[in-house]
Amino acid sequence: MADLIQTPINRFDSSEKSGGLARYIADIPFKDMLFAKTLRSTRSRARIRAVHLPDLPQGYATIDRTDAPGSNRVHMIEDDWPFFAEETVNYVGEPILLLVGSDRAEILRLLSEISVEYEDLEPVLTIEESLAAEEPFYGERNIIAEYAIEKGDPDRAFEQAARVFEDEYCTGLQEHVYLEPQGVVAVFEKGRVTVYGSMQCPFYMKNALEQAFGWEPDRIRVVQTTTGGGFGGKEEYTSVLAGHAAFAAYKTGRPVQLILDRAEDISVTTKRHPSISRYRAAVDDRGNITALQVHIMLDGGAYAGLSSVVLQRSMLMAAGVYNIPNARITGQVLATNNIPSGAFRGFGAPQSLFAVEMHLHSLAEQLGEDPLDFKMKHALQRGDQTVSCGRMHHEVKLPEMVHILEEMSGYREKRRSLREQSSRVLKGIGLSLFFHGCAFTGSGEQDKIQAVVKLRKGKDGKVEILVSNAEIGQGPHTTLRKIVSHTLGIPVGDVLYGNPDTDRVPDSGPTVASRTVMIVGAMLERAATDLRDRMHEKGEVEVTRQYEQPDYICWDQDTLQGDAYPTYSWGANAVQVEVDPVTFEIRITGLWGVYDVGTPIDEQVVLGQIEGGMAQGLGYATLEVMVKKNGKPMQANLTDYIIPTAGDFPRMEAKLVKSSYEYGPFGAKCVGELPFLGAAPALVSAVEHALRQSVTRIPVTPEYLMEAVEHDHPIHPER
Amino acid sequence: MTIRFTLNGKEVSFDTDPLRRLLDVLREDFGLFGVKEGCGEGECGACALLIDGELANSCIVPVGTVQNAVIMTIEGFRETERYRVLEKSLADAGSVQCGFCTPGFVMAAEALLRNNPTPDEEAIREAISGNLCRCTGYHMIVEGIVQACRIGAKLWAKPTDR
Ligand code: FES
Ligand code: FES
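Those protein sequences? They're chains A and B, same order as listed.
Read left to right, the first sequence gives residues 1 to 719 (the numbering used here).
Read left to right, the second sequence gives residues 720 to 881 (the numbering used here).
Bear in mind the hints are in silico, worked out from the structure with no lab data behind them.
Accuracy of the hints is not assured; some may be wrong.
The list that follows gives simulated cross-link-like pairs (lysine to aspartate or glutamate, EDC-like), each with its CA atoms no further than 20 Å apart [to be verified]: (1) A:Lys448 to A:Asp533; (2) A:Lys37 to A:Asp27; (3) A:Lys37 to B:Glu862; (4) A:Lys251 to A:Asp32; (5) B:Lys807 to A:Glu16; (6) A:Lys658 to A:Asp503; (7) A:Lys31 to B:Glu760; (8) A:Lys190 to A:Glu159; (9) A:Lys628 to A:Asp218; (10) A:Lys462 to A:Glu542; (11) A:Lys632 to A:Asp120; (12) A:Lys414 to A:Asp447; (13) A:Lys454 to A:Glu542; (14) A:Lys655 to B:Glu862; (15) B:Lys873 to B:Asp839; (16) A:Lys459 to A:Glu407; (17) A:Lys459 to A:Glu369; (18) A:Lys629 to A:Glu703; (19) A:Lys37 to B:Asp839; (20) A:Lys190 to A:Asp503; (21) A:Lys251 to A:Glu406; (22) A:Lys31 to B:Asp748; (23) A:Lys427 to A:Glu406; (24) B:Lys807 to B:Glu862; (25) A:Lys397 to B:Glu747; (26) B:Lys807 to A:Glu603; (27) A:Lys31 to B:Asp839.
Predicted model only: the values in this text are computed from it and were never measured.
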């Protein structure tokens, strides 16, 4: 192929989507389909005494925990999450039963006639309350998971420190707001259950249904339909909906459509974990950080879900892109009577990267050093030991990236000049350095996922990709095709790739952890290399490849020690802001980013991820406020829960540095989550610069800034 | 109540409850699934279409209020030359990711370009500010519309209406 793999091509899904031809789950009518709506808990924590049902007309039915043929628990890590509430409800919005029937208005009417008798129990609604609770509701201590990792001798380093600094950082809830709300349709036919729907991980759903039904694997089938965004929100939560709809289809014998409306979707689906992180740094007399002590607390909500793995990533990213000789990182996920927190782009990393970046920033200011110089003198280099005592096996291009970022943004000059300008608004510029550990933690790919990919050459010479990874907007229908076509030397149009159907594709793992291109793409590259030698064969040829872990990865999952990730992608962001000194409104006036993602498989797809991730990260940092009252989100629609619009941010300037990862396809590393991570710390440090005021919490709203300025003393020395 | 309007160039007339949302009527009765429901509250623009040439969110329009109106959805618009230019420009610019928002943006772009065939970037951002996209960060959508104006300037400059 003459074209380089990075040269953009038109996405395969562009035309059908822009013309309204693509069929999302709500666009697919099934014959004799019933509709469904969920009756949900109105209490944060209560015992269910009784549920009183009205007489149901012919053709209407309720489904509850007694209708799970096998198990009422959703298969995730702990299996503690019930499909339908058991004796107690543990958060507002928890499903109690499902009502199905043929007329939506009638379903709503019947639902309004159901009454639930509750016996209220004392809920815990915050991390602090969970820690303090005298009678824990979850396990013995309200702790879903806790870990500790240690490097060197942090106690000694703190004893010998010239100075010790401490800060606490908080981050809030965030809702995914994939534009297509969650939805599934379940069908029971010829002894088998099939679930169609909007999802990231067909085999997670299939495994959950196998347990829920207690059936042989071949009686469960899952088919992904065109999916309108996921961002992690359609990773594990979709299994809950699949169970509900599948039990109903099994019970009624009719296809059952369960689609959430936006208010319901915002109110009851998983969110990003709120966090509190305590950072303590030991600094020697030359101004070098000798030790970090970090304690991270995540609000896990009512059930474990994926929280333990989210916490691991938070902790493994907690020292940021810095080489800190001694460290103790501890973390806990606290159970609360809130909506279970779940997977969301970055998966625990945004919370700790915000904290560590702000902490280094604050250290630099207090030590009278330039934040960028201070950060760079601590930056990781190839060969350094990571916080989990693994190695930085690959090249770290931060110096080059920072250099480019400085040129693009004029950071150094603006850092001096912006404060001196006299204007009504206060101006500032800030910066963040960050990385993302690509794919599953440690040897998760080998131990847990064990992905398999398949390529099938048909008689017509076309080659079909058979993997379980889903196009959710991030581009694999285009990027994976490119990888296969470039390896085989055939036109990209001769490579086929449809939405995964578990009857047809092997389990190549979930569409998560930015792993699709780097891990699955690399396996496809190898499979295509095998197939290349057999392309001349007449008739069908099938090639299968299994995941093989690179030899250099050493990991101990019990102690969380070793190479936490196969490799890292890197980023550096600068953000320029204006803050109104009266209203404290923040206006972003400049956005810059430099990234090392290895070889971009398609520059445009990669830039699309970068721009979209940046916008979502800036939303997280500023606009996206979600607070709860008695466990209920106060922002339950898109009028109140504000996400960025086209007018909010200026065009971002982004550059990629040249780099290549030997085990990635054509040298590619991970992309999807990385661009989210740098937005909040860069923005907030710009706000700090403008206001000369320390900011330790996101979202940073005008109300919060006003309060901070009133009550705090500026901690930053005037420079 | 009998409702009559022009839908994608065809006269239609049918009996229904005038309070039903136009969005539901189009999807359920006419199978026009390009009109998406993203929020149901007039906030996201996924259900956007043109009513008498003006952009509207069909999820907050009771069908009884569009008596005798001229309605164009993505299904009608995609048959036009202007759509083909937009489709290509959006593809070239990388405007489409998950695509759930895209038909709505296409309709918003058409509504803008009908009135202003040579908008600057600010006018484009203003015109699509009622449409939410969670995937792209908007820049590539803006770029797609910029390219469409460049390539298709003449198409929109003509005083046509349908
Ligand atoms: S669905 Fe109509 S504006 Fe969102
Ligand atoms: S492309 Fe996904 S919401 Fe716009």
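Results for each hint:
{"no.": "1", "hint": "A:Lys448 to A:Asp533", "in the structure": "violated (31 Å)"}
{"no.": "2", "hint": "A:Lys37 to A:Asp27", "in the structure": "holds (18 Å)"}
{"no.": "3", "hint": "A:Lys37 to B:Glu862", "in the structure": "violated (40 Å)"}
{"no.": "4", "hint": "A:Lys251 to A:Asp32", "in the structure": "holds (14 Å)"}
{"no.": "5", "hint": "B:Lys807 to A:Glu16", "in the structure": "holds (11 Å)"}
{"no.": "6", "hint": "A:Lys658 to A:Asp503", "in the structure": "violated (40 Å)"}
{"no.": "7", "hint": "A:Lys31 to B:Glu760", "in the structure": "violated (29 Å)"}
{"no.": "8", "hint": "A:Lys190 to A:Glu159", "in the structure": "violated (70 Å)"}
{"no.": "9", "hint": "A:Lys628 to A:Asp218", "in the structure": "violated (43 Å)"}
{"no.": "10", "hint": "A:Lys462 to A:Glu542", "in the structure": "holds (12 Å)"}
{"no.": "11", "hint": "A:Lys632 to A:Asp120", "in the structure": "holds (15 Å)"}
{"no.": "12", "hint": "A:Lys414 to A:Asp447", "in the structure": "violated (49 Å)"}
{"no.": "13", "hint": "A:Lys454 to A:Glu542", "in the structure": "holds (7 Å)"}
{"no.": "14", "hint": "A:Lys655 to B:Glu862", "in the structure": "holds (17 Å)"}
{"no.": "15", "hint": "B:Lys873 to B:Asp839", "in the structure": "holds (16 Å)"}
{"no.": "16", "hint": "A:Lys459 to A:Glu407", "in the structure": "violated (54 Å)"}
{"no.": "17", "hint": "A:Lys459 to A:Glu369", "in the structure": "violated (67 Å)"}
{"no.": "18", "hint": "A:Lys629 to A:Glu703", "in the structure": "holds (18 Å)"}
{"no.": "19", "hint": "A:Lys37 to B:Asp839", "in the structure": "violated (45 Å)"}
{"no.": "20", "hint": "A:Lys190 to A:Asp503", "in the structure": "holds (15 Å)"}
{"no.": "21", "hint": "A:Lys251 to A:Glu406", "in the structure": "violated (63 Å)"}
{"no.": "22", "hint": "A:Lys31 to B:Asp748", "in the structure": "holds (15 Å)"}
{"no.": "23", "hint": "A:Lys427 to A:Glu406", "in the structure": "holds (17 Å)"}
{"no.": "24", "hint": "B:Lys807 to B:Glu862", "in the structure": "holds (12 Å)"}
{"no.": "25", "hint": "A:Lys397 to B:Glu747", "in the structure": "violated (54 Å)"}
{"no.": "26", "hint": "B:Lys807 to A:Glu603", "in the structure": "holds (18 Å)"}
{"no.": "27", "hint": "A:Lys31 to B:Asp839", "in the structure": "violated (48 Å)"}
In summary, the numbered hints that this structure violates are 1, 3, 6, 7, 8, 9, 12, 16, 17, 19, 21, 25, 27.
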